[in-house]
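Two chains, two frames, some hints: make the complex.
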Amino acid sequence: MSARPRGLLRVRPPLRALAAALSLLMAAGCASVPTGGRVVSGRPVDRSDQVDDPYVRLVPVRPRAEWGPAEIVSGFLAASASFDDDQKVAREYVSPATGWRPGLRPAVTVFQNRDQPIVVKESAAQATVRLEGDQLGTIGPDGQYTADPKHVEVTFQLGKNQQGLWRITELPTEVRGGLLLTKADVDRAFRTVNLYFFGPDGRTLVPNSIFLPLANRKDLPTRLVQALLVGPTSWLAPAVRSAFPSGTRLRGAITISKDVATVDLTRQARSGSPERMSAQLAWTLRQLSEVKQFKLQIEGETVTPEGVGATQSVRAWAANAPDGESSEERSDPQSAYLIGAAGHLSQLSGDLPQPIVTGAAGQLVRPAVTPDYQEVAGLSPDGGQVLAGTLVAGSTDIRPLLTRSDPDARFTAPSFDRNGVLWTVETTKDRSTLWIRQRGRAPVRAAHWGLGGRQVLALRVARDGVRVAAIVKMDRRAQLHIGRIVRRSDGGIEGGSFLPVSSELQDAIDLSWRDYNTLAVLGRAKSDSQPLPYLVPVSGGAISSLGVGALGLPQTIAAAPKSPVLVGTRSSHETRVCRQRSYRDQFSEWVCAIPGSDPTYAQ
Amino acid sequence: MSRRGCAPLRGCAAVMHAARRVVRRGLRASRRVLRRAVGRAYTRWRRSIQIRVVTSTLLISAAVVAILGAFLQQQISAALMEGKIKAAMLQLDEGLSMVQRDLGGPAADDDGRLERVVNALKARSGPSGLYEIYIRDAKNPYYDGYATNELRQESVPQRLREELRRGPAGARDYTFGRLSYIGRDREPGLIVGGKTGQFELYYLFPLTQEERTLTRVTWALLAVGAVLMLLLAAIASLVTRQVVIPVRLAAQGAQRLAAGRLEERMRVRGEDDLARLATSFNEMAANLQEKIGELEHLSQVQRQFVSDVSHELRTPLTTIRIAADMLYEYRDTFSDPAVGRSAELLQSQLERFEALLADLLEISRHDAGAATLDAESLDMRDVVLRAVGDVQHLAERKGSKVVLQLPGEPCMAEVDRRRVERILRNLLVNAVEHGEGEDIIVSCAADRDAVAVAVRDHGVGLKPGESQMVFDRFWRADPARARTTGGTGLGLSISREDAQLHGGWLQAWGEPGKGSQFRLSLPRVAGAELRGSPLPLVPPGVRDSRAVYAELEAGE
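If you read the protein sequences in the order shown, they are chains A and B.
The opening position of the first sequence corresponds to residue 2 in my numbering, with each subsequent residue numbered one higher.
The opening position of the second sequence corresponds to residue 414 in my numbering, with each subsequent residue numbered one higher.
If you're looking for bench data, these hints aren't it; they were derived computationally from the structure.
Every residue gets a Cβ at the ideal spot worked out from N, C-alpha and C, and that includes glycine.
Treat the hints with care, since some could be wrong.
Derived DSBU-like pairs (lysine-lysine); straight-line CA-CA distance at most 30 Å [stated by the list, open to error]:
| no. | chain 1 | residue 1 | chain 2 | residue 2 |
| --- | --- | --- | --- | --- |
| 1 | A | 122 | B | 552 |
| 2 | A | 161 | B | 497 |
| 3 | A | 184 | B | 552 |
| 4 | A | 259 | B | 497 |
| 5 | B | 552 | A | 89 |
| 6 | A | 219 | B | 497 |
| 7 | A | 89 | A | 219 |
Reference excerpt, derived from the structure (chain A facing chain B, CB under 7 Å, subset only) [said to hold, decoys possible]:
| no. | residue |
| --- | --- |
| 8 | 59 |
| 9 | 63 |
| 10 | 76 |
| 11 | 79 |
Okay, chain B solo, but in the shape it has when bound (with noise of 0.2 Å):
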């Protein structure tokens, strides 16, 4: 039973779920579209004083004319009804002394007097008139006196006859009201009454025309009103612009300034603070584009000079070159072994100055923008197993194997075989040099935008921050340690700058105790764009640790 009375119930239940959820969609989907539209005024409000000013413009205006408004119609309804109320008390007081000199004698024949008397009053009474009356003889039980036209006598409120029997003989009172006629619908209106004798005299204006008025003045306010706040608004707009439009030109020049067109200017119009503003402006363009000029040049000079140096230098050293060859080939006719061990020492770091030599010439060029890719399609393999061929001597003295993981089918790609080459023997020869003897793995991949060779090794590893510090020059991770293997230091930035020349990417990863691993992305054809590497950058089997890694992209 339960169960079946459950199952409506239950169908209920669903269809109320449902619907809530609907409304609850339909809710959500609101409120987002609300937030979104509030987030864009809010975006917008921020981003312009032009609409900041107008808005609060129109807020101060509106809130003005408000009150003006309200006082206005305020002074004019007043000014209406005070004379309305003039008018009515003079009307009744004419009433009032008809009444008292008609009715005013000894009482005989009330009825008929009475009817005279309002038949007399009512001429100016009625729709086409400005009144209606109302008159009652206090002392008649039978009926309640009598009312002009569809007049109802309800119209006279109960408080404005009380007061009027309270008051004193001759009083006049007055009060606003409702008036309520047969067959016709309530209109405001002015009661006034009087009383004299046994008799009450009420007159009853309508105040239709009054209350036209006001309404016409109403509207009229209202018009004007969001008239003169538009045009305040307007007014605001157009000041404002003329302020904002020389401000925005200001920005949009230190934005170009900044983007590195040092040529550009503001335009000078006239001789205010805007014009002010752009002169500094101008000038302060001016005096950037002087300074960076002559920074420019200052660093072409010390380019210049490093290369000059270089290559001054050489001559020099071939001359010594020759003669510590010399020395060298003798070296076991000297009596003294300290002087034949000397010249295995000349030796040695004659040739390490040599390569250091050749590497500050290969920089200079890179650093003049001399460097030109000599680009051919190639099969990365083949690439990758000269390299590996020429470190494995290396390698197998440090005590490492070097492990390749190489793709079945060719990985071809526009590259310069020799600035491609240098970059791997440069990044095995840093690997074998950190490996500690351990296994250095080299990888190579393509897909089809991209080639991409990935060298690992398990060595100390990187501190965090150093990826990005192995591609500076002269710099060691270790400046304790030997340089056993006679690195010059800039082979890492030389690579880079290999790797840039190509369009493609040189990136490091490391972590201490896990090692490190490089990987050189180049696109297959020279010149594209590179948007990703086929292999990753952290080596597979590391990625669950909190990889410490920077990528840095060498396009930007």
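Isolated chain A (complex conformation) (with noise of 0.2 Å):
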């Protein structure tokens, strides 16, 4: 017998040698997708309502042949609508000799609805057409949207050109130096977006949402530093300041390459701060999602602001936030106030509210909270008095501060402004006055009150000091208004020039500043039977609810920047807090398991 065995899968070592190389490579060119492994886990991305998300385009017809004075009207008026190449197919339609160039930032006439063009009157070579509609508002060249809806009727003059083509040969006055747009047309080709200016105190900075037409995604970060240059709209301008020179402009096209974008401004520049000027580049550039980054340059220098590098985040200067630098930093919610079942006013910790002030003079409704924790106010139970004092435990030395003038007079909610100021409106049906408080000093009335005619049921000051919020009574409608305050040279204080903020909701009851950008309001919208909560972005977007499932009766309503929103609500007996149960998920559930009223937030 042979010691090795004699089998037939015996091979000799070459052989092995190869068979064992030829699976490997098998073995290697089998495998090809993956069908296990570890879990890779990418970057969380905030996806907010971003100014340069999908959009949709029209796109415009020139001009046909056969065309009739009505329908060259038609198309004209639908060719305007398309911002492409400067509007070259809608100059089409116009007749070189009236100079109608609407440019990248025109005039716009909105429109509900229109109807369809008439000719009125039409001979060989001339005819007029008539078109009517709705108006709604008008947004001005520096992008201001100003509501002023009212009927209106304009007349288009024609005439044939030397080819025999009907060609528009006078535009109506409001068209001359604009466009004719309904209100789909600007929903489809503008956009809304923020400008960034400082605010009195020289530190916060103001958002000043404006109309940008959006021509194409690539021009849009040089728009929208243009229209910054440019300044705040005639709405915002008395309240605020920019830090650029006057006369700064850009020296071309912001390039972005890799997220950073490099903005050259002219040689006025150098008279402004760089730092100031970079927080509102800054502020305004982080609604571009492709922008991360950004460099300052002027006249192709690039400049170094103080503290941060040449090459600045969009992220940076946090301590210019229109909510506060804090709002900024924080991570985690910040604690409410309200008052406790016991009619006290109580801090909440968890779902329990910790008593503060116990006691017969702690007694008070609606309160609020400076944003440093010292000085709380309120209103007695009946809001004919409003109550203020200091914020330390036990305190007893709530006094009042304002008692009404008219027995039929009520004080809205007070609230404090970032500078511990407080603000107020005593309102009748028919008539209100707005009364400050600065800290220390005796309250005064404001110096111009823009809603003295009206009856108004809330009224917020926004974070920056600068805009207020309220809810007017008009067309006995509560309606939702943004409003602007303005400090005099000679230290009096206007609020005025109240813009509606949406016509959406009705009956709105209450409401306050979620951040910068977002109120969150107790309102009515279309289908609804009772006041539900609703996030209503300030530039005029659509609004958006909040939180699903039962509440009860809504009554106020608490906001602040990364906190819960809390809605005070009452059910048959008693009074409630409510709050959802994840709130940085818009439509988590609503749980109502704190027993109190009138939650506030102290910033």
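Okay, here's the thing in structure tokens:
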């Protein structure tokens, strides 16, 4: 017997090596798509409402040879909603003699709806076309929208050109320098963007939302910065200051390479403060998702502001945040204040209110706390008095600050701004007064109050101290308005220029600033039977509902940046404060587990 | 006028000419360089098996890799596009069903509804998304539908629109094209379109990612192909080296063997074909060495035999000589005159026999390498004069006159007097013998390195090829001719051996009817190498005729 096995499978060593190599190759060749392995995690992306999200453009058609005057006007109106190539197609409808060139930031007359154009008069070479419609408002060349609802009738003059084709020879006065668009056109072709300017304290940035035509996404950064350099809109201009010296322009389009935008300014910018200009630019540019960092240049030389490098992140300059620096740095929700079940001012700890002020002196409703947690204010239970006092445990020095002058009058819930100034409105059914109380001084009336002839249901000053949101009774409907506060050089304070924010909400009852861009409002949308919490963008975008589930009857609302929205509700016998199960999820369920009412946040 | 007009033209022409010349020269130079390079490459190609094998491996593998690469590329591209088209069609179906659901009802307020639909559809469009959308309402004359983001409507090619318009309701078509944008570069894209009712819906998928993938695959294929080719070439080079190096060693061995180094052998390694080649080569070399050794030995024996025979003959010859001398002395006393005549004949033939024997001994000494050079510094003119003096009476007897052309200054050289005199004597006797009574010119010349003596006769001359044969042993110009002067037939051979012993040349020239010339060239210093001769081999005056002469360089 041979010692070595002599089987079929016995192969010689070189053959064995070859077989091994072949099997290895086959294994390598077969491995293609991985079917297992470790979990690879990506970075979280905040998909907020970015201005450069996908959008839709209307594709215009050029005028056809067989079209008559009415069709030419229809085509012109449709084509003027397209901003492509500097409105080349729309300009084909217009005789060159009119010199119609709306440019990149045209004035726009916004129609709710418009009728078909009607030919009023037509001869061989001349025609007059009339167009009727309901105007909603206008957008100025600075991007400011002004509501101005009325019925409008405009006429177009048309003539035949040398080729025998109808062309518009004379535009109505409303359209001379601008466009005539429907609301749908504006929603499609315009974006509301925020420009940021410094408030009166010289530190806080105030957003100024404007309508900017979105001609194409590549030019958007350039357009945005150009709009910023032009300055605030007429509405906000008296209340804010821009750090850019007047006459400052861009030296060319903004170039973006690898998330870094380069902003090159003309020499006028040398007299400005690089830090303040950078802060304005950073906050304005952070609305664009493709810009993560930027470089500020003046005449081609990169400027390095103090405290940050030459290449600045758009997330820098948190100290100038419209909601205050703490709102940017905070990661945990701040603790809320409320009126406990026993009627005492309490601080919320978990789901339990911890009373701070007890005793008869602490009886107040609708409390407000200064951002430095030093002072507390509130209303007497009948709303006829404004009470205020220092916020210390067991404090008993809460005293009346204001008492109504008219038995029919009520005060709105007091509101503190970042500097501890108290704002409240004394209002009756047909008149109102704005009261201001600087810390340590006596309350004064505002030098000018834009809503003097109307009933005001609620008033909240934004954290920037410049903008003010109010619920105003108008045409028997409670509407949401945004106004601005101007500090005059003589020390007087004006509150005015109120503009409606949203027409979708009716019967708003309470509001609170969620952040500089959003209001949390208790109101009724079209189909609601009772007021519900909604998030309303200040810039005028679409409102969105907040949370699901039963809430009882909501009474008050409190909101703060990066903190849950709290709703004070009343159901048959008791009052409760509700909050969402997970406040980061907009549609998470409401949970009403906190006994108490009238929640508020300090900051 | 015309001349003035001509001047610049001529200048121009000159410049053109110069330029053309320069260009031509440059072209010629480059062509030369190229040709040389090609020639060198071709030579290397022809000489080296390794280069040939490596080059053909490279070429063949390049072709294989190119074909394989193209095939793979095509497969990958097809697979990618197939997947993309499938996904695009599904997307289009979804979009179409949404359009049908939302817009399928009776036509009223289409503008708003169309916009709502496209707003709902746009969610995944844009640069961060997958596609762009273009939707149009065929019935609305005032605008051409809606497009998402920066997409231009021209991105939808006319051919797709027409195909869709012609097709039945619910038809879906796709094509490839270039997507154009506002403010952005065009990019390749897949365009799918469908129709439901009056609405046309197009999805435009940019193929930039696929293009990038394909580019990456192409680069990877190219890199892999290049590496594979180089690897194959390296393998081929290595394998050929294994074969070529033993072959090269064998070639070197054979060369050395051919050069006379018979002890050369190849190293035998292993037991493969090349080892067998080495073994055979070694056997062949051994056989050759043996045979050549045998032959050398035989030749040695033969020479020894000649030498021995010559020596052995001398002893009886001396006795015969004494007897013959005696007979010759008393030849007058013989009564029969015929006997006297015989004695004379015996005497003369005996002298010839002695001379022959002496020459044989001399040549066998040369063959055995026993000849030695006894060099001393001499004036060649004296040597010439002595040699001429020796043959003077013979020349006079033949009616020839010896003309001397000697230089004024001495021609000093280190030579063996006996041997050089013998050479000259031989040449002169030869010239007198074939000189037909004409003049014999003896010239002598010297330069820095060499001296030369030329002996010219005007006899019958030499036939072509004979100028080499004259130095052969026992060679006769005319075998029928009687030997009158009693030459042994070895004189010129011995002379040549003597000249070679000096490191010099002995050369002959001749032409029928023009006589012949023999030239002896010797280095001035014994043992120095001779590079040229101070005298021409062909005498002046016959230069123009087509000279048939042999340059026999004794040194070689």
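Comparing the hints with the structure gives:
1. At roughly 28 Å between alpha-carbon atoms, residue 122/A and residue 552/B fall within 30 Å of each other, so this suggested pair holds.
2. With a CA separation close to 50 Å, the supplied pair residue 161/A and residue 497/B exceeds the 30 Å bound.
3. At roughly 22 Å between alpha-carbon atoms, residue 184/A and residue 552/B fall within 30 Å of each other, so this suggested pair holds.
4. Distance check on the hinted pair: residue 259/A and residue 497/B sit about 28 Å apart at the alpha-carbon level, within 30 Å; holds.
5. Proximity of residue 552/B to residue 89/A is assessed by CA-CA distance (about 23 Å); at most 30 Å being required, the pair is judged to hold.
6. Restraint check for residue 219/A and residue 497/B: the C-alpha separation of about 27 Å stays at or below 30 Å, so the hint holds.
7. Between the alpha carbons of residue 89/A and residue 219/A the distance comes to roughly 18 Å, so the proposed pair stays at or under 30 Å and holds.
8. Taking 7 Å as the C-beta cut-off, the interface hint given for residue 59/A holds, the closest approach to chain B being about 5 Å.
9. For the restraint placing residue 63/A at the interface with chain B, the shortest Cβ-Cβ distance is roughly 9 Å, beyond the 7 Å limit, so the hint is violated.
10. A least Cβ separation of about 5 Å between residue 76/A and chain B falls short of the 7 Å threshold, and the interface hint therefore holds.
11. For residue 79/A, the shortest C-beta to C-beta distance to chain B is roughly 4 Å, which falls under 7 Å, so the interface hint holds.
In this structure, the hints that do not hold are numbers 2 and 9, in rising order.
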